[in-house]
Amino acid sequence: MMIRNISVGIIRNARREIFIAKRSEDVHMGGFWEFPGGKVKAGESFQQALFRELREEVGIKVVHAELLGTSEHNFFEQHMVIYFFLVEHWYDMPCGNEGQQVRWCPQFDLAIDEFPPDSEVIIHQLMSD
219 MMIRNISVGI
229 IRNARREIFI
239 AKRSEDVHMG
249 GFWEFPGGKV
259 KAGESFQQAL
269 FRELREEVGI
279 KVVHAELLGT
289 SEHNFFEQHM
299 VIYFFLVEHW
309 YDMPCGNEGQ
319 QVRWCPQFDL
329 AIDEFPPDSE
339 VIIHQLMSD
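For the sequence shown, this note's numbering assigns the number 347 to the last residue and increments by one with no breaks.
Accuracy of the hints is not assured; some may be wrong.
[Said to hold, decoys possible] Derived DSSO-like pairs: lysine-lysine, alpha-carbon spacing no greater than 27 Å straight-line:
hint: 1; residue 1: K259; residue 2: K279
hint: 2; residue 1: K257; residue 2: K240
hint: 3; residue 1: K279; residue 2: K257
hint: 4; residue 1: K259; residue 2: K240
hint: 5; residue 1: K279; residue 2: K240
Simulated from the structure, these hints should not be mistaken for lab results.
Every value quoted in this text rests on a predicted model; they were computed, and no experiment measured them.
Required output: the full structure, derived from the provided sequences and hints.
Printed below as a string of structure tokens:
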């Protein structure tokens, strides 16, 4: 079974709002909200992948990121490991660089049923923070 590592950022501002993006309808889990990020490429650390993905996907330059937790799931022929990083320090304004719908959501208003199941554990963690 192939292992796929994913790094995602929980971009949180000073008002404790989280920046989220909506997955395109034509991809796996389309229509769900997600924390921005993506696949770790060969030779990259999890943090390097996060910095690259957030620059490409939402147009920010991350100053610092802290690992909050991980989630593991089997999906078809892949074992996915998702690394969730808290990002509270960055440059530039996050936006939908890839045309995706984006918004700021108050941390305590994150709705588990609007996210893919692999985000459930981290949303519970954020709700208790």
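Pair hint K259 and K279, alpha-carbon separation not exceeding 27 Å: It holds: about 18 Å lies between the C-alpha atoms, which stays within 27 Å.
Given pair status - K240, K279, alpha carbons within 27 Å: holds (21 Å)
K257 paired with K240 [C-alpha distance capped at 27 Å]: Status holds; Cα separation ~17 Å.
K259 paired with K240 [C-alpha distance capped at 27 Å]: holds (23 Å)
Restraint check for K279 with K257, where alpha carbons must lie at most 27 Å apart: holds (18 Å)
Checked against the numbered hints listed earlier, the structure breaks none of them; every hint is satisfied.
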